[in-house]
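Protein chains: 4
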Amino acid sequence: MTRITLEAANRIIEVALATAAEKKLKPLAVIVLDAGGHAIAYARQDGASPGRFQIAGGKAYGAVMLGLGGRAQMARAEAQAYFIAAANGALDGRLVPVPGGVLVTDASGTVIGAVGISGDTSDNDEACAVAGIEAAGLNAQP
Amino acid sequence: MTRITLEAANRIIEVALATAAEKKLKPLAVIVLDAGGHAIAYARQDGASPGRFQIAGGKAYGAVMLGLGGRAQMARAEAQAYFIAAANGALDGRLVPVPGGVLVTDASGTVIGAVGISGDTSDNDEACAVAGIEAAGLNAQP
Amino acid sequence: MTRITLEAANRIIEVALATAAEKKLKPLAVIVLDAGGHAIAYARQDGASPGRFQIAGGKAYGAVMLGLGGRAQMARAEAQAYFIAAANGALDGRLVPVPGGVLVTDASGTVIGAVGISGDTSDNDEACAVAGIEAAGLNAQP
Amino acid sequence: MTRITLEAANRIIEVALATAAEKKLKPLAVIVLDAGGHAIAYARQDGASPGRFQIAGGKAYGAVMLGLGGRAQMARAEAQAYFIAAANGALDGRLVPVPGGVLVTDASGTVIGAVGISGDTSDNDEACAVAGIEAAGLNAQP
Numbered sequence: 001m002t003r004i005t006l007e008a009a010n011r012i013i014e015v016a017l018a019t020a021a022e023k024k025l026k027p028l029a030v031i032v033l034d035a036g037g038h039a040i041a042y043a044r045q046d047g048a049s050p051g052r053f054q055i056a057g058g059k060a061y062g063a064v065m066l067g068l069g070g071r072a073q074m075a076r077a078e079a080q081a082y083f084i085a086a087a088n089g090a091l092d093g094r095l096v097p098v099p100g101g102v103l104v105t106d107a108s109g110t111v112i113g114a115v116g117i118s119g120d121t122s123d124n125d126e127a128c129a130v131a132g133i134e135a136a137g138l139n140a141q142p
Numbered sequence: 001m002t003r004i005t006l007e008a009a010n011r012i013i014e015v016a017l018a019t020a021a022e023k024k025l026k027p028l029a030v031i032v033l034d035a036g037g038h039a040i041a042y043a044r045q046d047g048a049s050p051g052r053f054q055i056a057g058g059k060a061y062g063a064v065m066l067g068l069g070g071r072a073q074m075a076r077a078e079a080q081a082y083f084i085a086a087a088n089g090a091l092d093g094r095l096v097p098v099p100g101g102v103l104v105t106d107a108s109g110t111v112i113g114a115v116g117i118s119g120d121t122s123d124n125d126e127a128c129a130v131a132g133i134e135a136a137g138l139n140a141q142p
Numbered sequence: 001m002t003r004i005t006l007e008a009a010n011r012i013i014e015v016a017l018a019t020a021a022e023k024k025l026k027p028l029a030v031i032v033l034d035a036g037g038h039a040i041a042y043a044r045q046d047g048a049s050p051g052r053f054q055i056a057g058g059k060a061y062g063a064v065m066l067g068l069g070g071r072a073q074m075a076r077a078e079a080q081a082y083f084i085a086a087a088n089g090a091l092d093g094r095l096v097p098v099p100g101g102v103l104v105t106d107a108s109g110t111v112i113g114a115v116g117i118s119g120d121t122s123d124n125d126e127a128c129a130v131a132g133i134e135a136a137g138l139n140a141q142p
Numbered sequence: 001m002t003r004i005t006l007e008a009a010n011r012i013i014e015v016a017l018a019t020a021a022e023k024k025l026k027p028l029a030v031i032v033l034d035a036g037g038h039a040i041a042y043a044r045q046d047g048a049s050p051g052r053f054q055i056a057g058g059k060a061y062g063a064v065m066l067g068l069g070g071r072a073q074m075a076r077a078e079a080q081a082y083f084i085a086a087a088n089g090a091l092d093g094r095l096v097p098v099p100g101g102v103l104v105t106d107a108s109g110t111v112i113g114a115v116g117i118s119g120d121t122s123d124n125d126e127a128c129a130v131a132g133i134e135a136a137g138l139n140a141q142p
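Protein chains in written order, with UniProt numbering: chain A, 1 to 142; chain B, 1 to 142; chain C, 1 to 142; chain D, 1 to 142.
If we strip away everything but chain A, and leave its shape as in the complex, we get (with noise of 0.2 Å):
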C-alpha cells in the first residue's frame, strides 16, 4: 500500500482548481483525506461558505468510513434511505451522500484516501475532484 503524501495532496487541490477555473465554477472546498478519515490538506477560495468545509468534508469523511464515493452512497441513499440515514447518525452526522466525495486508490485497488468537493453543483464538484487525483497519479472512484 502506498499513501497520499502532502505533496499529492497539494497537487490534487491545485489541479482540481484549476479544472474549475477552465469550466468558471463558483468558489470551491477541497479537502483531501487519508485512509484514517483524517485531513491531509485542505483549501477553501474566495467567497465559498465557511460551511463548504462540513460538506466537502463530509462528503470524503463518508467515502472513506463506508468504503463507497459519494455517486454510490446516493444510489444507496434512492434505494434504501433508512440505512444511509442510519450509517450517518452511527458516524455522528459526518457523511454527506452526494457526488464530490471521490474514493482515491493505489495500483492494488486499496483505499488510500478520499477527496471531497463542494461550491458548485455536486456533478462538478466530482469533476474536478477526478481531474485531480488523476493529475496526481492515482485512481478515482466516484
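Calculated directly from the structure, the hints in this document are not laboratory data.
Computed from a predicted model, the values in this text were never measured in an experiment.
Virtual Cβ for every residue (Gly too), placed ideally from N, Cα, C.
There may be inaccurate statements among the hints.
If you want the ones that stay clear, here's a sample from chain C, every Cβ over 12 Å from chain B, calculated [stated by the list, open to error]:
#	residue
1	15
2	19
3	22
4	24
5	25
6	85
7	89
8	109
9	123
10	137
11	141
12	142
Some chain B residues near chain A, calculated using beta-carbon distances under 7 Å [as the list claims (entries may be wrong)]:
#	residue
13	65
14	66
15	82
16	83
17	86
18	89
19	90
20	91
We have chain A already, so just place chains B, C and D on it with the hints.
Just chains B, C and D now, with coordinates in the frame of chain A:
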C-alpha cells in the same frame, strides 16, 4: 468588505420588530450573526417561546454557513431532501432550512452576515428580516 | 414572581455598555437570560471576539442553573474545585465560574434571570452587570 | 477590515514549512482560520500524526474565539487555571492554550484570523507561524 456593526444590528432588530408590530404578528425572536456565524445581537419579545433562539439562530446560521438564504435552502430541501438533512448533520444540527433566514451582503455582494427571525409564519418572519436589513442600508438575500 | 421583559433586558444592556464607556473598558459582550437560562437579549460590541458569546453566556447560564452568582461560584471553585468541575460536566460544559455572571432577583428575592458580561477583567465585567441590573430597577446578586 | 485570502493562507503555510525545514523540525500540521474560526487552508506534512489537525486547529480556534494568542492564553491558564478550563468547555473543548496559536491582524489591528501549528515544541511551532504570517505581509500576535 465591510461588516455589520452593533449599531447596524440594533437597527435591524428595531425595524424588524416595528414591522412586526405594524403587521400585528406574534412575538418574535430576532438574531443577527456576523460572517462567521457568531451572534452580534439578539432580542426575544415577551411571549416568544425560549426555543425561538435556536430556531432563529439555525435559520441565520445555515444561511451563513452554506451561503444560501432560508428560502433557497427550502427549495434545495424540496428537490433533494437527503442533501439538506446531511448538511444539517454536518453542521451539528444547527441548520433550519425555511424562510426567515436572510443573508446580508455588502455593496460588492460579499456575505457579511445573516439575520434569523422566528415566531410567526416563515413568510412573515422573512419580511421583517428584509425590512430590517434594508433599513440598515444593507442588502438582503432571502 | 415577575420576569425580565425585553424592555428591561435592553435597559440592562444599555446601562452596562454606558458604564463600560465611562470606565473606558475593552469591548464587551452582554447577555441577559431568563429564569430558564434562555437568552432574552444579547449585544456584542465592535471589536469583542466572537467567543465572548460563549464566555458571557456561560457566566450567566451557570448562575441561573446553580442559583449562584459567578463570584460565589468562584469561591466554591477555590474551596472545592472538583465540585465545580463536576457541575460543569453535568451542565454540558456551559458554566464559567468567575465574576461577571450576576443573578437577577425580584423584590421577593426570587431568581428571575441572570446577566453575563465578558471582555474586560472579571471585576469590571461584574460592575457593569450590576449597574445595568440596578438601573432596570431589579436586584443584583454577584 | 481586510481578510486572509487563499493566496495569503497558502503563502503562510509555504513559509511556515520552509522555516521548519531550515530548523530541521519534526513534521508539522499548519492551519489558517478566518475571523470566524473557519478553515481557509490546512497542510499536514508526511509523518505528522492525524490528531495534529485537532491540536493545531484548537490553538488557532481558541485564539480567534477569545481574541488571545496561545502564549497569552497559557499565561492566563497559569494564573487562573479554572477560567481557561471553563472557557474550553464553553467552546466545546476546541481550545488548546499553548504557543503555536497566533492571531493575525491587519494594519488597523483588527483580528482577521489565526494560524495554528503543531508537531514540534510549542515555541518552535509558534516561530514558524510568525514567520509565515509576516512573509504574507500581515501582523502576528502570539
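Consistency of the hints with the structure:
no., hint, result
1, 15, "15 Å, holds"
2, 19, "16 Å, holds"
3, 22, "18 Å, holds"
4, 24, "17 Å, holds"
5, 25, "15 Å, holds"
6, 85, "24 Å, holds"
7, 89, "19 Å, holds"
8, 109, "22 Å, holds"
9, 123, "23 Å, holds"
10, 137, "16 Å, holds"
11, 141, "22 Å, holds"
12, 142, "24 Å, holds"
13, 65, "3 Å, holds"
14, 66, "5 Å, holds"
15, 82, "5 Å, holds"
16, 83, "6 Å, holds"
17, 86, "5 Å, holds"
18, 89, "3 Å, holds"
19, 90, "4 Å, holds"
20, 91, "6 Å, holds"
Going down the numbered hints, you'll see the structure goes against none, and every one checks out.
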